[in-house]
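Asks: Now for the letters of each chain:
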Amino acid sequence: MDSIVDRRLNGRNKSAVNRARFVRRYQDQLKRAVADAISKRSIKDLERGERVDLPRRDIREPVFHHGGGGYRESVHPGNKEYSAGDRLPRPAGGAQGRGNQASDSGEGEDDFSFVLSREEFLNFFFEDLALPDLVKTELTRLPRYKSVRAGFTTSGVPTNINVIRSLKSAAARRQVLQAPYRTRLKGVETQRDALVVGRGRAPELEALDEEIARLKRRIRAVPFIDTIDLRYNHRIKQPQPTTQAVMFCLMDVSGSMDQGRKEIAKRFFALLYLFLTRVYERIDVVFIRHHTQAAEVNEEEFFSARDTGGTVVSSALMLMQEIIAARYTSAAWNIYGAQASDGDNWHSDSSRCRELLEQEILPHVQYFAYVQVGAEEEQGLWQQYAATSAAHPRLAIRKINTVADIYPVFRQLFAKKPA
Amino acid sequence: MTRQLLSTGSEWSFELIDKYDRELARIAADFKLDTYPNQIEVVTAEQMMDAYASVGMPIGYQHWSYGKEYLAVENRYRRGQMGLAYELVINSNPCIAYLMEENTMTMQALVLAHACYGHNSFFKSNYLFRAWTTADSIVDYLVFARGFIGECEQRYGETAIEELLDSCHALRNYGVDRYKRPPQLSVERETARRRERDEYRQAAVNDIWRTLPTRDAVQDGASDERFPAEPQENLLYFIEKHAPLLEPWQREIVRIVRKLAQYFYPQRQTQVMNEGWATFWHYTLLNRMYDEGLVDDSFMLEFLTSHTNVIAQPGFDHPYYRGVNPYALGFSMMTDIRRICETPTPEDRQWFPDLAGTPWLGALDFAMRNFKDESFVAQYLSPKLIRDLRLFSLIDDDREDAYAVSAIHDDNGYRRIRRALAEQYNLGSREPNIQVNAVDRRGDRSLTLRHIPFERRPLGESTGDVLKHIARLWGFPVRLETLDVNNKPELVGHAHPAN
Numbered sequence: 011m012d013s014i015v016d017r018r019l020n021g022r023n024k025s026a027v028n029r030a031r032f033v034r035r036y037q038d039q040l041k042r043a044v045a046d047a048i049s050k051r052s053i054k055d056l057e058r059g060e061r062v063d064l065p066r067r068d069i070r071e072p073v074f075h076h077g078g079g080g081y082r083e084s085v086h087p088g089n090k091e092y093s094a095g096d097r098l099p100r101p102a103g104g105a106q107g108r109g110n111q112a113s114d115s116g117e118g119e120d121d122f123s124f125v126l127s128r129e130e131f132l133n134f135f136f137e138d139l140a141l142p143d144l145v146k147t148e149l150t151r152l153p154r155y156k157s158v159r160a161g162f163t164t165s166g167v168p169t170n171i172n173v174i175r176s177l178k179s180a181a182a183r184r185q186v187l188q189a190p191y192r193t194r195l196k197g198v199e200t201q202r203d204a205l206v207v208g209r210g211r212a213p214e215l216e217a218l219d220e221e222i223a224r225l226k227r228r229i230r231a232v233p234f235i236d237t238i239d240l241r242y243n244h245r246i247k248q249p250q251p252t253t254q255a256v257m258f259c260l261m262d263v264s265g266s267m268d269q270g271r272k273e274i275a276k277r278f279f280a281l282l283y284l285f286l287t288r289v290y291e292r293i294d295v296v297f298i299r300h301h302t303q304a305a306e307v308n309e310e311e312f313f314s315a316r317d318t319g320g321t322v323v324s325s326a327l328m329l330m331q332e333i334i335a336a337r338y339t340s341a342a343w344n345i346y347g348a349q350a351s352d353g354d355n356w357h358s359d360s361s362r363c364r365e366l367l368e369q370e371i372l373p374h375v376q377y378f379a380y381v382q383v384g385a386e387e388e389q390g391l392w393q394q395y396a397a398t399s400a401a402h403p404r405l406a407i408r409k410i411n412t413v414a415d416i417y418p419v420f421r422q423l424f425a426k427k428p429a
Numbered sequence: 003m004t005r006q007l008l009s010t011g012s013e014w015s016f017e018l019i020d021k022y023d024r025e026l027a028r029i030a031a032d033f034k035l036d037t038y039p040n041q042i043e044v045v046t047a048e049q050m051m052d053a054y055a056s057v058g059m060p061i062g063y064q065h066w067s068y069g070k071e072y073l074a075v076e077n078r079y080r081r082g083q084m085g086l087a088y089e090l091v092i093n094s095n096p097c098i099a100y101l102m103e104e105n106t107m108t109m110q111a112l113v114l115a116h117a118c119y120g121h122n123s124f125f126k127s128n129y130l131f132r133a134w135t136t137a138d139s140i141v142d143y144l145v146f147a148r149g150f151i152g153e154c155e156q157r158y159g160e161t162a163i164e165e166l167l168d169s170c171h172a173l174r175n176y177g178v179d180r181y182k183r184p185p186q187l188s189v190e191r192e193t194a195r196r197r198e199r200d201e202y203r204q205a206a207v208n209d210i211w212r213t214l215p216t217r218d219a220v221q222d223g224a225s226d227e228r229f230p231a232e233p234q235e236n237l238l239y240f241i242e243k244h245a246p247l248l249e250p251w252q253r254e255i256v257r258i259v260r261k262l263a264q265y266f267y268p269q270r271q272t273q274v275m276n277e278g279w280a281t282f283w284h285y286t287l288l289n290r291m292y293d294e295g296l297v298d299d300s301f302m303l304e305f306l307t308s309h310t311n312v313i314a315q316p317g318f319d320h321p322y323y324r325g326v327n328p329y330a331l332g333f334s335m336m337t338d339i340r341r342i343c344e345t346p347t348p349e350d351r352q353w354f355p356d357l358a359g360t361p362w363l364g365a366l367d368f369a370m371r372n373f374k375d376e377s378f379v380a381q382y383l384s385p386k387l388i389r390d391l392r393l394f395s396l397i398d399d400d401r402e403d404a405y406a407v408s409a410i411h412d413d414n415g416y417r418r419i420r421r422a423l424a425e426q427y428n429l430g431s432r433e434p435n436i437q438v439n440a441v442d443r444r445g446d447r448s449l450t451l452r453h454i455p456f457e458r459r460p461l462g463e464s465t466g467d468v469l470k471h472i473a474r475l476w477g478f479p480v481r482l483e484t485l486d487v488n489n490k491p492e493l494v495g496h497a498h499p500a501n
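Chains as they are written, first to last, in this note's numbering: chain A, 11 to 429; chain V, 3 to 501.
If you are wondering where the hints come from, they were derived from the structure by calculation, not from laboratory data.
Warning: the hint list may mix true and false statements.
Restricting the straight-line Cα-Cα distance to at most 25 Å, the calculated cross-link-like pairs of lysine to aspartate or glutamate (DMTMM-like) are [to be verified]:
#1 A:K41 x V:D350
#2 V:K261 x A:E71
#3 V:K470 x A:D12
#4 A:K90 x V:D403
#5 V:K386 x V:D403
#6 V:K386 x A:D16
#7 V:K261 x V:E164
#8 A:K90 x V:E71
#9 A:K90 x V:E402
#10 A:K90 x V:D338
#11 V:K34 x V:D403
#12 V:K470 x A:E71
#13 V:K490 x V:D446
#14 V:K470 x A:D68
#15 V:K126 x V:E232
#16 V:K470 x V:E425
#17 V:K243 x V:E165
#18 A:K226 x A:E199
#19 A:K90 x V:D390
#20 V:K243 x V:D467
#21 A:K90 x V:E349
#22 V:K21 x A:D12
#23 A:K247 x A:E273
#24 V:K243 x V:E232
#25 V:K21 x A:D16
#26 V:K126 x V:D142
#27 A:K41 x V:E402
#28 A:K50 x A:E199
#29 A:K41 x V:D299
#30 V:K261 x V:E235
#31 A:K41 x V:E71
All chains, full assembly: derive it from the sequences and hints.
Replies: Written out as structure tokens, the structure reads:
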């Protein structure tokens with residue numbers, strides 16, 4: 011009467027909907043957690059899930075319960091030295107009704123922490139960037155594989171049967187299996203021929219005829235094609251493109267770039283990085299910061315350090331060009347540039363920048379994006395770049411005041427290019 | 003006694019589970035355990051977490067709080083703080099028990115004995131379960147509830163349902179008729195009656211609120227009857243029946259939450275007994291299998307290791323102390339009853355004259371059928387067990403500046419400890435006593451709740467939030483009074499509906 015059921019193959023994510031609802035309910039808190047995480051993380055490291063903590067009092071479901079205080083008597087095991095009438099000092103911290111008594115309010119005050127999945131994390135990341143849905147799915151997607159031919163296998167689906175291969179192996183099998191009978195047949199036929207020539211006796215002839223017929227039957231009985239002959243086209247999945255790219259991040263770190271502007275710039279660089287990871291297997295990132303002089307730095311210094319003083323943008327462009335010449339010359343590198351600045355520049359330097367860009371940099375790069383962060387009026391550099399961009403589709407420029415302005419910069423990059 | 007071993011090694015297979023189940027069923031029948039048929043389901047760890055998160059309902063309606071539960075379980079499991087429970091069993095007919103695929107054969111056998119024969123027979127026979135739950139139809143009712151709530155979400159929006167469920171969940175523990183047996187649940191009846199009930203209820207509600215009074219009545223105030231005539235302890239039921247502004251479908255959802263709370267009500271009152279009973283039987287059944295030569299020494303060693311872990315009771319000063327372990331207490335008490343029956347001491351004869359020397363199987367069966375934790379402890383906790391566990395009771399009085407030890411395991415203390423421990427399992431004193439006191443039918447339609455304090459204990463800090471939830475359901479202001487030392491009501495909280 012008892013029944014045993016194997017449920018292991020049933021769907022396992024029965025709680026997925028409830029989990030999604032939980033995430034939606036606390037999205038404000040989670041969004042904050044994600045924003046914090048982004049500012050802490052390296053831009054190369056955005057694609058992980060993230061452990062987030064929610065204050066437990068925020069997610070508690072209220073019920074009527076007793077608070078501390080009043081009179082209570084509780085029973086505990088493991089008495090060693092107490093006897094009736096002993097008085098024990100109350101422990102500090104006011105842990106009233108030790109142990110099980112307060113179980114109705116149960117949980118401690120520590121945070122409720124859990125791990126956001128990669129998709130959930132990226133969704134929060136994309137949320138205020140105003141990305142179109144199509145782009146979001148493109149970016150959240152795991153690496154794409156291409157299925158390529160890889161010889162033949164003995165098992166597969168009928169649509170993949172390779173006819174020629176299958177018939178070849180059938181032919182070989184028939185050859186091998188029929189061979190012993192054919193040899194015998196040949197022998198018997200010679201014997202019979204000899205007998206016919208020598209006018210042999212009828213019964214012997216009859217026996218030989220029978221044997222010949224039997225052997226021919228055996229030869230015919232070997233099947234024309236059998237399941238072991240079948241060969242299937244074999245396909246394996248290969249990770250799609252395996253090219254490499256280098257991404258240059260150029261940022262103005264002069265006094266006017268405050269923390270807020272840098273945060274916006276970071277989101278911009280991070281998004282470009284994410285886009286590039288969709289297309290390229292390996293990506294180098296080069297960070298160049300500049301005020302009047304440019305220097306190549308690591309990521310941490312790039313975002314945290316702050317200098318004062320004037321701005322000479324061309325110094326960064328020159329350094330970029332030097333680095334390209336020194337390390338990324340070969341055709342194997344796809345070069346991307348991203349520059350963030352508040353647009354301030356040494357007066358006569360802007361035209362020099364334009365020159366450098368047009369002649370030295372744009373011919374080498376796939377794409378160069380310039381964003382002017384936080385400043386509304388068009389600065390000298392902007393005018394020069396605007397003129398360049400009109401003639402060069404590889405240069406995109408944009409003014410960014412909020413993070414929602416970032417995405418349009420990439421629209422052009424993301425658009426399908428004619429091959 | 004020279005039977006074949008059922009298995010060696012730790013690998014399990016469906017054939018082996020079936021074999022063990024047959025043997026356990028045979029032995030359980032020897033011991034006269036009365037069980038529902040079992041439906042044994044083998045699941046993965048993830049599915050186990052799913053089942054866990056839905057607090058033991060095989061099919062739950064969708065709500066964020068179950069997602070939270072799932073994340074909490076998953077998180078603890080990942081961090082290794084919690085081994086997943088080996089088993090989960092559902093009070094239904096057939097009785098559904100989950101086995102995890104990661105378990106060894108020994109653990110599967112342990113779970114079979116524990117869940118499919120221990121818990122199962124408890125569900126079938128204990129008076130609270132018999133009175134409060136209907137195992138035959140719970141799964142059907144859950145299907146109905148999930149379907150209905152899903153339908154409402156489509157029609158009225160997920161947010162509306164979520165808010166309503168939040169509010170109902172806040173009152174979940176106040177949705178039980180403690181003194182009336184609820185009618186049986188059944189899907190067809192529920193669905194068929196729903197429409198009828200909707201109409202009727204709306205009409206009844208309108209009736210209460212038909213308060214366009216004649217002028218006379220206002221003038222002399224004669225018809226100022228109290229409503230409700232008597233205080234009501236079942237807040238959810240009161241809201242379902244009398245909240246003025248709820249739509250019929252909202253009343254139905256209140257009812258669903260109430261019915262499910264009722265289904266879990268016996269489990270909250272019989273934790274010690276239920277686990278003690280199941281633990282006693284897995285111990286007894288597996289030992290019998292060993293005696294019959296069906297399992298080998300390595301099986302027993304593995305089984306005893308986890309059995310010992312389950313019934314471990316750290317002392318009050320141990321860092322892992324989390325109160326009295328219900329498995330430990332229940333198992334010790336069940337074993338102790340058997341001891342008192344089989345080999346009573348003079349002390350036992352004095353304390354348990356009706357029990358000492360009687361057949362243990364009958365005595366245990368009687369105890370299982372007719373008690374809940376509170377009365378079970380009050381009836382059966384023996385002086386020997388108090389000594390063995392070295393129990394002591396501690397008074398925490400906020401008027402004193404220190405704890406006081408009121409009783410220890412000696413002649414003067416046994417009765418006091420027994421009473422105090424029983425009281426600890428009394429739901430009535432664990433949860434604040436809050437009742438519907440009055441509805442202001444002529445004025446602002448406000449609802450007044452009254453809290454009757456127990457041992458001067460105040461209400462916890464989330465009371466204000468719960469009142470907001472009640473106001474949302476009631477639709478008009480809600481007030482909460484507490485009786486002070488002189489039995490004078492004193493306003494301690496109020497809430498207004500949001501819009």
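Asks: Among all the numbered hints in the text so far, which are the ones the structure does not match?
Replies: 1, 3, 5, 6, 8, 11, 15, 16, 23, 27, 28 and 29
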